[in-house]
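There are 2 protein chains.
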Amino acid sequence: MANEKIPYKIYLEESEMPKQWYNVRADMKKKPAPLLNPSTGKPVTAEELSRVFCEELVKQELDDTSAYIDIPEEIREFYKMYRPSPVVRAYCLEKQLDTPAKIYYKFEGNNTSGSHKLNSAIAQAYYAKQQGLKGVTTETGAGQWGTALSMACSYFGLDCQVYMVKCSYEQKPFRREVMRTYGASITPSPSETTGVGRKILEEFPDTKGSLGCAISEAVEAASAQEGYRYVLGSVLSQVLLHQTVIGLEAKTALEKYGVKPDIIIGCAGGGSNLGGLISPFMGEKLRGEADYRFIAVEPASCPSLTRGKYVYDFCDTGKVCPLQKMYTLGSSFMPSANHAGGLRYHGMSSVLSELYDQGLMEAVSVEQTSVFAAAQQFARVEGILPAPESSHAIRVAIDEALRCKETGEEKNILFGLTGTGYFDMYAYAAFNDGKMGDYIPTDEEIAVSLGRIPNIGD
Amino acid sequence: MANEKIPYKIYLEESEMPKQWYNVRADMKKKPAPLLNPSTGKPVTAEELSRVFCEELVKQELDDTSAYIDIPEEIREFYKMYRPSPVVRAYCLEKQLDTPAKIYYKFEGNNTSGSHKLNSAIAQAYYAKQQGLKGVTTETGAGQWGTALSMACSYFGLDCQVYMVKCSYEQKPFRREVMRTYGASITPSPSETTGVGRKILEEFPDTKGSLGCAISEAVEAASAQEGYRYVLGSVLSQVLLHQTVIGLEAKTALEKYGVKPDIIIGCAGGGSNLGGLISPFMGEKLRGEADYRFIAVEPASCPSLTRGKYVYDFCDTGKVCPLQKMYTLGSSFMPSANHAGGLRYHGMSSVLSELYDQGLMEAVSVEQTSVFAAAQQFARVEGILPAPESSHAIRVAIDEALRCKETGEEKNILFGLTGTGYFDMYAYAAFNDGKMGDYIPTDEEIAVSLGRIPNIGD
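In order, the protein sequences belong to chains P and S. Position one of the first sequence corresponds to residue 1 (the working numbering), numbered consecutively onward. Position one of the second sequence corresponds to residue 1 (the working numbering), numbered consecutively onward.
The set of hints was computed from the structure by calculation and includes no laboratory data. Each hint should be verified, as a subset may be incorrect.
What the hints assert, rightly or not - Taking lysine-lysine pairs in the BS3-like style, the calculated list, with each CA pair at most 27 Å apart, reads:
| id | chain 1 | residue 1 | chain 2 | residue 2 |
| --- | --- | --- | --- | --- |
| 1 | S | Lys411 | P | Lys9 |
| 2 | S | Lys166 | S | Lys19 |
| 3 | S | Lys309 | S | Lys42 |
| 4 | P | Lys319 | P | Lys166 |
| 5 | S | Lys80 | P | Lys405 |
| 6 | S | Lys129 | P | Lys9 |
| 7 | P | Lys80 | P | Lys9 |
| 8 | P | Lys319 | P | Lys31 |
| 9 | S | Lys405 | P | Lys80 |
| 10 | S | Lys19 | S | Lys29 |
| 11 | S | Lys435 | P | Lys166 |
| 12 | S | Lys95 | P | Lys19 |
| 13 | S | Lys166 | P | Lys9 |
| 14 | S | Lys80 | P | Lys80 |
| 15 | P | Lys80 | P | Lys129 |
| 16 | P | Lys95 | S | Lys80 |
| 17 | S | Lys9 | S | Lys405 |
| 18 | S | Lys9 | P | Lys129 |
| 19 | S | Lys42 | S | Lys319 |
| 20 | P | Lys80 | S | Lys5 |
| 21 | P | Lys80 | S | Lys256 |
| 22 | S | Lys166 | P | Lys435 |
| 23 | S | Lys319 | P | Lys256 |
| 24 | P | Lys42 | P | Lys309 |
| 25 | P | Lys80 | S | Lys9 |
| 26 | P | Lys256 | S | Lys256 |
Please put together the full structure from these sequences, using the hints given.
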């Protein structure tokens, strides 16, 4: 182990950090389908989107031709506080698995937000500040996005209003306090502060909320206040764009040591981390310069890619956001209370959906208990306590490494370790106590929510 | 900011990591006083200590002449999983304070244990493994040490039995689950598993325990089991020795950029982090090669250096451990429920006590609410959410930087950021809600516990 030339952690110099984000849509021959205005059924215009999102972010959202977009200097300065993040060679895990495969992971948990979400949060906060806004609104479920956005807003002196799904608000008081420490105001959703919230509370006074409802409240709150816009932590193409710092750094780091990954694995909820990790490699594949296997890993409890339909659907349950063509289980699909809150989303990024539809990426779904078994195994030898979301990628990386053990292949496996699990100890407790279950929706359940998808677009 | 030559984070290469620990006692003309056997009043022998501690660790504990001690290859391999840790230039904090001072911090929170404790935990686990032991026992209060030791034992396949102060066990279920995830067994202390525990429970059935009691239980449990020894996370000279990786790395990193710190600041509970950070610099001072100001920061609620007495005292309330000459408030001193659990210890490392007594180091005490105000200020601009313990050093670093603002001096300030506060959100919540108080023991209270110190030794 000691004689290997590749260090445990490959750190780049600050000067090697990417100066531009990479927009994979520019290299796609068949582009992702445009967002549609739900009332007209026509592609949404920049002007329409600008009522909800910051102007510069709208440009990025709609731009599917520019391959590279400059990262503003101020954002790069902030990135330097916690980036470049390391690519870690999982020597200890390899040894334990006794596999000829070489396992690498890009670790995005080394910042207080605890996940990769900060990469896009700081960009979105920056553009809001540039536009002269007072603040932003958003929703958060598991709390990683809300935490990241709170940090970013604190840095730029922006007001940050977070609608936190009520059950998370109550079950994750520590997440809430982290956000408050960064100066954000947190409202349990549904709330009395919005029309949508009041309506839902009237109908279901005991509801513990949902991500869809919190999105609708945050969007309403943004439009109701002068100088506010709404921001979102995943699904959107702009978010994937910002997250390409993950893949760009990973590629540069591995190239320094002459390593070409054979398999690249990431967990997939809305797609922000996976899209960010694979984009630069996918670009090479699209341009015919190299080939890679890409694997999206989703929870068996919320299998949008592996069991969903590729159609236009609503992004939120309140149906206030544009329609997006994506792999979806239907916006009425209610995933079980899986502990990977960040992967409980009914749809998938339109970019990743299109790449998957073109057969350029694979997808697998894995069950919760097998994910936590992988998480525990990983933690005990590699030290890092992974987030439940990230552990989906660990599960499949271990499975692929064990396959290499059978075949004797010395494959290079790269996976994204998106964050840490410090705020997910309830879930670990359930696993440690043998009280964790698995939930796989039946074909009938999925058919019902798929049946409710509106018949709009192509 | 962008034109500065010093990066935000100074990372060393793996090859620049220290290969030896530095033993500051070797350069002290007047050595720390020896540990005494409480029953004989004479210096404790290696043989006596070996009944409680691993043999190699006993050697390190008693060795006050070897300046450098080799770090075994296996420990260095483990260190590579999370070291070298960065020295961060606090550009954002400097800007916010508008100070001419240059602030650097050595960040030890980038590992799952969340603190510097892992540096010694892995060393102690390694020597236990080398000795062919089955496992180790320990106590934990705040949980940082227990977490670090659980990780280290998991890595070496050792059994790890942690006696966790009952109130922490109940109030910090997440810490407990992290340890369980790493395979440790956790017993709330006092417990029915030891004689000491049963005796205390009989007398005080409702007690929530104390660190002193947990130590006594852990020591008893180690002696009661074949192939077990007891390990401790602070206070001892062996622990300070292992922790010198902090100071050695910090010194190398700063020297690469030609930076000589004027002031070096660390929080002080038992002294493990402070001792580790300052030792290499103190060595230069002792040898007359350079001069530095060293500041130990302790909580006003548990001010062993600033208000204690320099005498022989018990290290634990059960009085089973050797007597140590140290600054102490008396082993019967009951510190208030300050949120910096890691600084609630009645005594101080004998090495630091002696250095302080010789006037080579300063000490200040700070109040809890001012510490959390500094923590919040730091988090909002530097991103990292600091542990309450570490925030004591932040408080004084900010105070010194503001002093430089008044005088116009461009001092270099280095402080130790020992860990993250993810598991301390109850404390942050109290601060966020304006419900945090300060507690300063009265002279009478301190006099009472000082009066109970046995009159042993010189």
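Hint check results:
no.	hint	result
1	S:Lys411 with P:Lys9	33 Å, violated
2	S:Lys166 with S:Lys19	39 Å, violated
3	S:Lys309 with S:Lys42	21 Å, holds
4	P:Lys319 with P:Lys166	20 Å, holds
5	S:Lys80 with P:Lys405	26 Å, holds
6	S:Lys129 with P:Lys9	26 Å, holds
7	P:Lys80 with P:Lys9	17 Å, holds
8	P:Lys319 with P:Lys31	24 Å, holds
9	S:Lys405 with P:Lys80	26 Å, holds
10	S:Lys19 with S:Lys29	25 Å, holds
11	S:Lys435 with P:Lys166	24 Å, holds
12	S:Lys95 with P:Lys19	24 Å, holds
13	S:Lys166 with P:Lys9	38 Å, violated
14	S:Lys80 with P:Lys80	22 Å, holds
15	P:Lys80 with P:Lys129	19 Å, holds
16	P:Lys95 with S:Lys80	16 Å, holds
17	S:Lys9 with S:Lys405	24 Å, holds
18	S:Lys9 with P:Lys129	26 Å, holds
19	S:Lys42 with S:Lys319	16 Å, holds
20	P:Lys80 with S:Lys5	13 Å, holds
21	P:Lys80 with S:Lys256	19 Å, holds
22	S:Lys166 with P:Lys435	24 Å, holds
23	S:Lys319 with P:Lys256	57 Å, violated
24	P:Lys42 with P:Lys309	21 Å, holds
25	P:Lys80 with S:Lys9	8 Å, holds
26	P:Lys256 with S:Lys256	23 Å, holds
Hint violations for this structure: numbers 1, 2, 13, 23, all remaining hints satisfied.
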